[in-house]
Amino acid sequence: MTDVKNLEELFQAKIDAEQKIEPKDWMPDEYRKTLVRQISQHAHSEVVGMLPEGNWITRAPSLKRKAILLAKVQDEAGHGLYLYSASETLGTSREKTIDDLLSGKAKYSSIFNYPTLTWADIGAIGWLVDGAAIMNQVMLCRTSYGPYARAMVRICKEESFHQRQGYEIMAVLAQGTPEQKEMAQDALNRWWWPSLMMFGPNDADSPHSQQSMTWKIKRQSNDELRQIFIDRTVQQAEVIGLSVPDPLLKWNEERGHYDFGPIDWDEFWNVVKGNGPCNKERLDARNKAHAEGQWVRDAAVAHAAKRAKRKEAA
Amino acid sequence: MSENPNNWPLWEVFIQSKRGLDHKHVGSLHAADAEMAIENARDVYTRRQEGNSIWVVKSEHIHSSRPEDAESLFDPADDKVYRHPTFYTVPERAKYI
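Heads up: the sequence lines are chains A and B, in that order.
Residues in the first sequence are numbered consecutively from 132, following the working numbering.
Residues in the second sequence are numbered consecutively from 147, following the working numbering.
Be aware that a few hints might be false.
In silico DSSO-like cross-links for lysine-lysine, where the CA-CA straight-line distance does not exceed 30 angstroms [as the list claims (entries may be wrong)]: (1) A/Lys-145 x B/Lys-170; (2) A/Lys-312 x A/Lys-195; (3) B/Lys-170 x A/Lys-442; (4) B/Lys-204 x A/Lys-155; (5) B/Lys-226 x A/Lys-440; (6) B/Lys-226 x A/Lys-155; (7) A/Lys-440 x A/Lys-145; (8) B/Lys-204 x A/Lys-442.
Don't read these hints as lab results, they were simulated from the structure.
Okay, chain A solo, but in the shape it has when bound (with noise of 0.2 angstroms):
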C-alpha cells in the first residue's frame, strides 16, 4: 500500500515536472477542494456577468453594436458552461453547484455588482473587465489541472474579440461629441478602480495563494497581475485620450512600472460581503431565470421520455 505522504510526493512531482493532472489521477483533497471552489466561482462569474450587458442589448445604439453584443453574451454563457463541465470532472453535481449559486452560498465576480447606468460602460466592461479577466485566464491556459487548463485556452481564443470591441466602443465615443468623450470618461472612471480589485488582495493579504502557486494552479500573483494590467491599459487610455482616474498614477523609471494610488479595499471586502449596488439585483435575477425556467426543463425530461417511448415501440 502507497501511503498519503508518498501519493502527495509523487503528485508535487508530476506537477513540478509541468504534467497536467487529470480527473482520475489521485490528488490531495485540498487540491480538488481549492479547484472546485474555484473553477465554480469562474463559471457563476460569467453566467452573472452577462446580467450587467444583457441590460443594454436591447439599447444597443445600432444594429452593428446589438449583434455584437448579443454575440458576446452568447460567449459568456458558453464559457461558463465549459467551466461547470471542467467542475464535474472534479466529482461535483451540476444542480449542487448551481443551487450554490442561487443561494448566495457560492461567490462570483464582484465586478458584476456593480450597475450599467450607460453605454459606455459596456465599452468599459469590454476592455476593462474583459482585459483584466483576460490577464488572469491567460496564466490559467498553464494551470496544472487539465480540464481547467482545456476550458481555458477555449476561453482565451474567444476572450480577446470582447476586450477589442470594448476598447473599440470607448475609442469612438472619446472621438465623438463633448458629451460622448464625457461619458467615456466617466464609464473609465467608475470601472478603474473596481477593475483592478479583481485581481484580489495584495500578496501579502492572499494567504491561499502560496499553496495555489505551488500546486500551480496559479502561476503569477494578484500583484504580479495587477502591475501588469495598469501598465497596457494606461498606455491604451492614452492613445484614445482618456486619462485614468489616479492622481498618483506615475511611470517609475527605476521599476520600469508605473507607480500607482492606494486601492480601497474596504470597498471590495464590502462588495464581497454583498453589500454593492448590484447584489441583491443580480442573484433574483437569477433566481427568477430559473425558476421561470423550470417549466422548460421539465418539458425537455417529458419529451425526451416520449421520444423515447416511440422509438422503442417503432
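For this one, chain A is given, so just place chain B on it according to the hints.
Just chain B, lined up with the frame of chain A:
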C-alpha cells in the same frame, strides 16, 4: 449520474473540425436526450466555424483505463524501438526506402 431522474444526463462532445479529420473531444454538457445534446453542442462548441460534424456520447458509456495501470499498460512499449523505421540501417545508395 445524479439521483434525480429529472436532471438531464451528462454527454461528452466530440467535434470534427474539417472533413477527413478525426472527431476530437471538446468537453461535455447536459441534455435530456441525444438530439438535444447535439443541438446544445452546436451552440456551445461551434460558434466560430469550429465544426463540420458532432458526436455525442453519454458520459456513463465511456470507460477509461486507470492512471495506476499506466505503467503496466504502456511501459512495455518503451524497449521496443525496433517498431520504428528509424531503428534499421539500410545502404545509403538504396532509394525510396
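- prompt: Does the alpha-carbon distance linking A/Lys-312 and A/Lys-195 stay inside the 30 angstroms limit?
  reply: Cα-Cα ~20 angstroms, so holds.
message: Please verify whether A/Lys-440 and A/Lys-145 have alpha carbons no more than 30 angstroms apart.
response: 49 angstroms, violated
task: Take the C-alpha atoms of B/Lys-204 and A/Lys-442, compute the straight-line distance between them, and say whether it is at most 30 angstroms.
output: Holds: B/Lys-204 and A/Lys-442 sit about 18 angstroms apart, inside 30 angstroms.
message: B/Lys-204 and A/Lys-155 were given as a pair; does the straight-line alpha-carbon distance stay at or below 30 angstroms?
response: 18 angstroms, holds
task: Would you check the hint for A/Lys-145 and B/Lys-170, treating anything up to 30 angstroms between C-alpha atoms as holding?
output: 25 angstroms, holds
- prompt: When you check the alpha-carbon spacing of B/Lys-226 and A/Lys-440, does it fall within 30 angstroms?
  reply: Status violated; Cα separation ~52 angstroms.
query: Does the alpha-carbon distance linking B/Lys-170 and A/Lys-442 stay inside the 30 angstroms limit?
result: 29 angstroms, holds
task: Could you grab the alpha-carbon distance between B/Lys-226 and A/Lys-155 and see if it respects the 30 angstroms cut-off?
output: Distance of about 28 angstroms is within 30 angstroms: holds.
Of the numbered hints given earlier, the model fails hints 5 and 7; all others are met.
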